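Undergrad: These protein sequence lines map, in sequence, to chains A and B. For the first sequence, the numbering used here assigns the number 1 to the initial residue and increments by one for each residue that follows. For the second sequence, the numbering used here assigns the number 102 to the initial residue and increments by one for each residue that follows.
Hints in this document: simulated from the structure, not taken from any laboratory. There's no promise every hint is true.
Stated by the list, open to error - Dumping the calculated SDA-like pairs for lysine to any residue here, alpha-carbon to alpha-carbon at most 25 Å:
id : chain 1 : residue 1 : chain 2 : residue 2
1  : B       : K131      : A       : V56
2  : A       : K23       : B       : P192
3  : B       : K198      : A       : V58
4  : A       : K23       : B       : Q145
5  : A       : K41       : B       : L200
Source: prediction; values computed, not measured.
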Amino acid sequence: MNFPAAAMLSFSDARLAALLVAKITAFGVFVSSLEYLARPKLLADYGLMSWAVGQVRVFWLVSGNLAGPLNRCLQYPNFLFLLAVRALLCLSMFSAERVLL
Amino acid sequence: MVRIAMNTLAATLLGSWLLLSILVLVPRLKLIIRRWDAVMLIPQWSFFAPEPAFWDFHLLYRDRYPDGTYTEWTEAIPPESRRWWSFVWNPGKRQRKALFDAVVELSGRVQLGDRSLEASISYLTLLTYVTSIMRTAKPELMQFAIVRTLGINRRAPDAIFRSKAHSV
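So here's chain B without its partners, still in its complex pose (with noise of 0.2 Å):
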């Protein structure tokens, strides 16, 4: 009796998380069921479409001092070497596709104009990780910058945007 109880209530869970993981596709649905994925449950299937991402963007920030220099950019998350077991075992990729979920998100928003960018999700865990980074003295100010670049020498490095400077 357990038994049967706990498989309905497998396949119940499992078959609306699939049936969801469907309906989310369509359109009209996507809005209404994004809304209450809160926590972000329903995987996203896109993959390739409708644009394949072919750019690869990098966080860079700088700094202002209380005499009014300011460093040279950084990049924030240097990119690491791949290893031959980079396949298994790829620990960096985790960061990488974080940085990249956030500035799509960001990039999408300052192409729409949005004017309560700086209160977005994806602004404010930019400006927080970039804040936190250590430095050798405490800057005044801090700016950061997202800059994409098309595979190696393609083409010349293209700022997509730059953060307003904030106090640290």
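Isolated chain A (complex conformation) (with noise of 0.2 Å):
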């Protein structure tokens, strides 16, 4: 079988290589994005990915310097925004013409 030496030398470039996996990741990411974004009552404080109840797991998640800023950023409806711009971020990924290596 022959391949055109071209496309050879294209895709054993490392550089196309990370850009396609990251594109990949980037899919993958964004659906999963949309599908919290789609069934939020799964993360509310009553649903079963609550963050209320799941930061009792360890004590410095409720008190303590972290736990105020993790609070803001974690808690029902905060929450949803992070994966909007999580969403955002991998659309972004999806035009980009290179990676940093």
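Now that you have both chains on their own, put them together as the hints suggest.
TA: Below, the structure is given as structure tokens:
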């Protein structure tokens, strides 16, 4: 089986490979973010993935210096904003033409 | 210079993450790493080991009204039919996975005879969820149960856990 030399060279390019891996990953994370945003009640205080309940797993997630900022970021509905940002970042990766290596 | 620093930082962070993801597979180190991994950044790659998951779990609840009558056991998260596009877009799987994780953790604690079961995250998660389900009338007490099934009609449903009655 003969492959064109140019195609072989481009496929063996480490930067291109990294870019394609990044794009495939971005697609997966994008879909995942949208799936969470489509069912936001899962993340609500009474949901099965509730931060309000999950944070009592360890004491420093409930009280202390780190608890305040973490709460602001991860409590419902603020966390939905983070998911939306993550989805937008993934979109920006789709249009990326090169990776920093 | 900045780019070198950023690359070094990224390589260090990702390298440490990779190293911890490998070290967590060592039984002696697993407990130590998991103890400090409060936000669960280290993935669990056991998949089908040591025992493959072949049970389907169902979360059921029933209410008791002030006159002493009980409702029928009702499934809290009814199963959804799969569509042809579910392999790409399937938001319902997040809820099923969350239920599965909570049930697996809870059943593990039940098997160990954990006395602080009712203070566990899995118990509180299921209790909070079931309590929040909309009802037509406010019950006095509420109880939930975990039932497992094997395939479709391959075996009679098996109740593996029943909670105490909680006031709503």
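Undergrad: If a hint holds in the structure, say so; if it does not, say that too.
TA: Hints, verified against the model:
A C-alpha spacing of about 21 Å is found between K131 (chain B) and V56 (chain A), which places the hinted pair at or below 25 Å, so the restraint holds. Between K23 (chain A) and P192 (chain B), the direct Cα distance comes to roughly 21 Å. Compliance with the 25 Å bound is thereby established for this hinted pair. Taking the CA atoms of K198 (chain B) and V58 (chain A), the gap is about 22 Å. The hint holds against a cut of 25 Å. A distance of roughly 24 Å separates the Cα atoms of K23 (chain A) and Q145 (chain B); the hinted pair therefore holds under the 25 Å criterion.
A C-alpha spacing of about 14 Å is found between K41 (chain A) and L200 (chain B), which places the hinted pair at or below 25 Å, so the restraint holds.
The earlier numbered hints are all upheld by this structure, with none contradicted.
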